[in-house]
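Construct the complete structure from the given sequences, taking the supplied hints into account.
Protein chains: 2
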Amino acid sequence: MQEDVIEKLIENFRSLPGVGYKTAQRYAFSIIEGDKERASRFAEAIKEAKEKIGFCQVCGNFTDQPICKICQTRDRKTVCVVKEPKDVIALEKIKTYNGVYHVLFGTISPLNHKGPDDIHIKELLTRIENDKVNEVIMATNPDVEGDATAMYIAKLLKPLGVKVTRIAQGISIGSDLEYADEYTLAKALESRRDMD
Amino acid sequence: MQEDVIEKLIENFRSLPGVGYKTAQRYAFSIIEGDKERASRFAEAIKEAKEKIGFCQVCGNFTDQPICKICQTRDRKTVCVVKEPKDVIALEKIKTYNGVYHVLFGTISPLNHKGPDDIHIKELLTRIENDKVNEVIMATNPDVEGDATAMYIAKLLKPLGVKVTRIAQGISIGSDLEYADEYTLAKALESRRDMD
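From first to last, the protein sequence lines are chains A and B.
In this text, residue positions in the first sequence follow the working numbering: the first is 1, and each later residue adds one.
In this text, residue positions in the second sequence follow the working numbering: the first is 197, and each later residue adds one.
None of these hints come from the bench; they were simulated from the model.
Just so you know, even glycine gets a beta-carbon here, dropped at the ideal spot from N, CA and C.
Please note that the accuracy of each hint is not assured.
Straight-line Cα separation of at most 25 Å, PhoX-like style, residue types lysine-lysine; simulated pairs [what the hints assert, rightly or not]:
1. B:Lys328 / A:Lys8
2. A:Lys8 / B:Lys279
3. A:Lys22 / A:Lys8
4. B:Lys282 / A:Lys83
5. B:Lys383 / B:Lys351
6. B:Lys232 / A:Lys36
7. B:Lys383 / A:Lys36
8. B:Lys265 / A:Lys83
9. B:Lys204 / A:Lys69
10. A:Lys52 / B:Lys282
11. B:Lys243 / A:Lys36
12. A:Lys52 / B:Lys291
13. B:Lys218 / A:Lys93
14. A:Lys36 / B:Lys204
15. A:Lys86 / B:Lys232
16. B:Lys232 / B:Lys291
17. B:Lys265 / A:Lys8
Just a few of them, taken from the derived set where beta-carbon distance is under 8 Å, the chain B residues facing chain A [what the hints assert, rightly or not]:
18. Val201
19. Phe225
20. Ile228
21. Thr259
22. Ile263
23. Lys289
24. Tyr293
If you want a taste of the chain B side facing chain A, the calculated C-beta under 7 Å gives, among others [stated by the list, open to error]:
25. Glu199
26. Leu212
27. Ala245
28. Lys246
This is the structure we're talking about:
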């Protein structure tokens, strides 16, 4: 017996990832209880984002311009390959990386019927030639699919003579050996380095 | 180095209750990745809800009409008093209640500087006279503030000769005694009933 307008708003919030009915209801009520200006600002931001945001012609990341800010201003000879746009945001936080990115929009995943042609690998190959890339850093997640995708791309790039590296896997900084899982520990041991 | 339009959308999602940066980002990306029609439907629903939804003149609940559907169609002689609109939704699920509601929009809470005048008690008194209410069911939450508010209103209504009841407190149906807290158990014991 809920009013249809409220129900419609709740349904829209439910369409967001991981949002159930109760959470959607809470969001909807917060809009209704909030002031009018906030609601119209919110609605405008949704429309504007969808209208203005497209994909960068170079790296494939989200952008409101033909070529994103990062690709416009950074050294394009070093390319860091990631799975998703949010990985770019994570890596940008370290602030010391001055290269560019390449967003695959997924990883190779036979279980989910995703092959090499379903992610942006071809675009990467084109870039490597066009921009005369020196190094490709594989920064896909350190899980089965991320590793497999990194391996696949590394093999593909070998004939092109470009240097391919993989981000290091090991114990997190500040963490405790006691709580690390055995796979991480094994990897950390295997990838041990000389101390100078 | 994130595009401003995306950042703006993330900030808007962050204004929702309990949403942090990562969640807001996830929501924003789901909008950007989704199709255009969904985004405009979403934006429209937010605007429409804020524009059309007001308060029911009788019970105070959210509605898109001057008087809400429940108050329009139900027996107004029984009034169930609740703290918030979402409590109405919870109670409506039982489907057997044929009375109306009264939404207080809060409870008396000295710690949060909320006195009896800050919630919709006056409106309840007016209704009781106008609609010749027979019974007022206090359905505020069974916590300190909900109980205090129920007591306060019950005292206030006593001189008016209206029957005031409180929803039963006890062990949840289908739950296990072992896991019930001691306050609930004490209440369940205290409120024991004859078995016929």
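Q) Hey, A:Lys36 versus B:Lys204, does the alpha-carbon distance stay inside 25 Å? A) holds (18 Å)
task: Under 8 Å, Cβ to Cβ, is where B:Phe225 needs to be relative to chain A, so tell me if that hint holds or is violated.
output: holds (6 Å)
Agreement of hint B:Lys289 with chain A interface, Cβ distance less than 8 Å:
violated (10 Å)
Quick check on the hint: B:Ile228 CB to chain A CB, less than 8 Å? Holds - the Cβ of B:Ile228 comes within 8 Å of chain A, reaching about 5 Å at its closest.
Next item on the list: Take the C-alpha atoms of B:Lys218 and A:Lys93, compute the straight-line distance between them, and say whether it is at most 25 Å.
Entry: holds (13 Å)
task = Using 8 Å as the Cβ threshold, decide whether B:Tyr293 counts as touching chain A.
result = Violated, about 11 Å.
Is the hint on B:Leu212 kept, meaning its closest Cβ partner in chain A is under 7 Å away?
holds (5 Å)
Subject >> 25 Å limit on alpha-carbon distance, applied to hinted pair A:Lys52 and B:Lys282 >> reply: Distance ~36 Å between A:Lys52 and B:Lys282 Cα, so the pair is violated.
Quiz prompt | Restraint status (C-alpha distance of B:Lys282 to A:Lys83 at most 25 Å) | solution = violated (40 Å)
Does A:Lys8 lie within 25 Å of B:Lys265 when you go C-alpha to C-alpha? Given pair B:Lys265, A:Lys8 holds - Cα atoms ~16 Å apart, limit 25 Å.
Taking 25 Å as the top limit, are the C-alpha atoms of B:Lys204 and A:Lys69 close enough?
holds (16 Å)
Would the pair A:Lys52 and B:Lys291 pass a check requiring their Cα atoms to be no farther apart than 25 Å? violated (46 Å)
When held up to the earlier numbered hints, the structure conflicts with 1, 4, 7, 8, 10, 12, 16, 22, 23, 24 and fits the remainder.
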